[in-house]
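Peer 1: Let the sequences and hints guide you as you build the complete structure.
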Amino acid sequence: MEDKKTSRIREFLQKHRYDLVLILLLVFVSLAALLILSLTRTEGARVEVTKDGEHYATYSLSDEGEYPIGDGNILVIEDGWAYMRSADCPDRTCVNRGKIRYTNQTIVCLPNRVAVKVISGEGGVDLES
Amino acid sequence: MTDRTKRLTTLAISVSVAMILSFVESQIPALIPVPGVKLGLANIATLFVLYKLGWKEAIAVSSVRVALSSLLFGSVSSFLYALAGAALSLAIMALLKLAKIFSTITVSITGAVAHNIAQIGVAMLILQTEVVIYYLPALLISGIITGAVIGIIGALLLNKISIDPR
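Chains as they are written, first to last, in this note's numbering: chain A, 1 to 129; chain B, 1001 to 1166.
Careful, some of the hints might be misleading.
[Claimed, not checked] Calculated lysine-lysine pairs in the DSSO-like style (CA-CA distance at most 30 angstroms, straight line):
{"id": "1", "chain 1": "A", "residue 1": "K5", "chain 2": "B", "residue 2": "K1056"}
{"id": "2", "chain 1": "B", "residue 1": "K1056", "chain 2": "A", "residue 2": "K15"}
{"id": "3", "chain 1": "B", "residue 1": "K1100", "chain 2": "A", "residue 2": "K4"}
{"id": "4", "chain 1": "B", "residue 1": "K1160", "chain 2": "A", "residue 2": "K4"}
{"id": "5", "chain 1": "B", "residue 1": "K1160", "chain 2": "A", "residue 2": "K15"}
[Claimed, not checked] With beta-carbon atoms standing in for the labels, derived distance ranges:
{"id": "6", "chain 1": "A", "residue 1": "N96", "chain 2": "B", "residue 2": "A1099", "range": "32 to 40 angstroms"}
{"id": "7", "chain 1": "B", "residue 1": "E1025", "chain 2": "A", "residue 2": "D88", "range": "18 to 26 angstroms"}
{"id": "8", "chain 1": "B", "residue 1": "Q1128", "chain 2": "A", "residue 2": "S86", "range": "17 to 25 angstroms"}
Hints are computed from structural coordinates only; laboratory data are not their basis.
Values in this document were obtained by computation on a predicted structure and should not be read as measured data.
For each residue, glycine too, the CB sits at the ideal point set by N, CA and C.
Peer 2: Structural data, given as structure tokens:
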């Protein structure tokens, strides 16, 4: 009974060995990428806003307030967190993204070509906002 | 029915099924707020055509589906994303199927992951910023999950549906 079971498992593994290798490889790469991102994450100091592929503005996470980005988006900085309050696009993915504060966390609005990225405080926090 | 007529009809039905799946997909709100994450329902149709008819037919059905559904439910930028995603995922899936050593589910998973990588690539080009690369882990993991779901559905359908009842 037990032998039958193990031989069936072995047969399955044998038949699907390439599948298993490929899937495990994909899972491994994803987890490694996730691990690298979470290990390198530190508290950020500023957010860098890019619009239409160009630098738009840099705001300090300690400067609370509402910052319109172009016509479509409103970025809010509150209690050291940055989030998108509103967007004029239908998918509103950027608004649903929630709050960010750690380095390399990102809010992206694809329709309006806006990207907000948290960066570290090196090079002085006091930048014009 | 002649073979030509039959082929044309099968392709037309596949496109319409893919369109319906695209429409249903466009009505489902995003599960997690990461751009590019989606279930990929239309890939059921692509997978089906790829296995039942072949890669040329899959390219035809996939490109007509992408063009029509972007026109009807999407925008210019969503067309670029969808096209890049569909092209890369179909290319990968066709190659893996050609290798003949992978199951349908694996082909679907790799296709979904390829689709999501293509989305990141297009986002980097359009936004002209590398920050979107930080979405990669989330997109890889979601690709594995959605690809597995779609692959299981696809494998079931491939077993159940015969397009040649003669």
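Peer 1: Straight-line Cα separation of B/K1160 and A/K15 no greater than 30 angstroms?
Peer 2: 22 angstroms, holds
Peer 1: How does the Cβ-Cβ distance of A/N96 and B/A1099 compare with 32 to 40 angstroms: does it lie in that range?
Peer 2: For A/N96 and B/A1099 the Cβ distance comes to about 39 angstroms; the hint holds.
Peer 1: Starting from B/K1160, check that the Cα of A/K4 is at most 30 angstroms away, please.
Peer 2: 29 angstroms, holds
Peer 1: Given the hinted pair A/K5 and B/K1056, is their Cα-Cα distance within 30 angstroms?
Peer 2: 42 angstroms, violated
Peer 1: CA of B/K1056 to CA of A/K15, is that 30 angstroms or under?
Peer 2: Roughly 28 angstroms separates the two Cα atoms, so the pair holds.
Peer 1: Using the beta carbons of B/E1025 and A/D88, state whether their distance is inside 18 to 26 angstroms or not.
Peer 2: Distance hint for B/E1025, A/D88 holds at roughly 23 angstroms.
Peer 1: Indicate whether the distance between the beta carbons of B/Q1128 and A/S86 respects the range 17 to 25 angstroms.
Peer 2: 24 angstroms, holds
Peer 1: Given the hinted pair B/K1100 and A/K4, is their Cα-Cα distance within 30 angstroms?
Peer 2: Satisfied, since the Cα-Cα distance of roughly 28 angstroms is no more than 30 angstroms.
Checked against the numbered hints given earlier, this structure breaks only hint 1.
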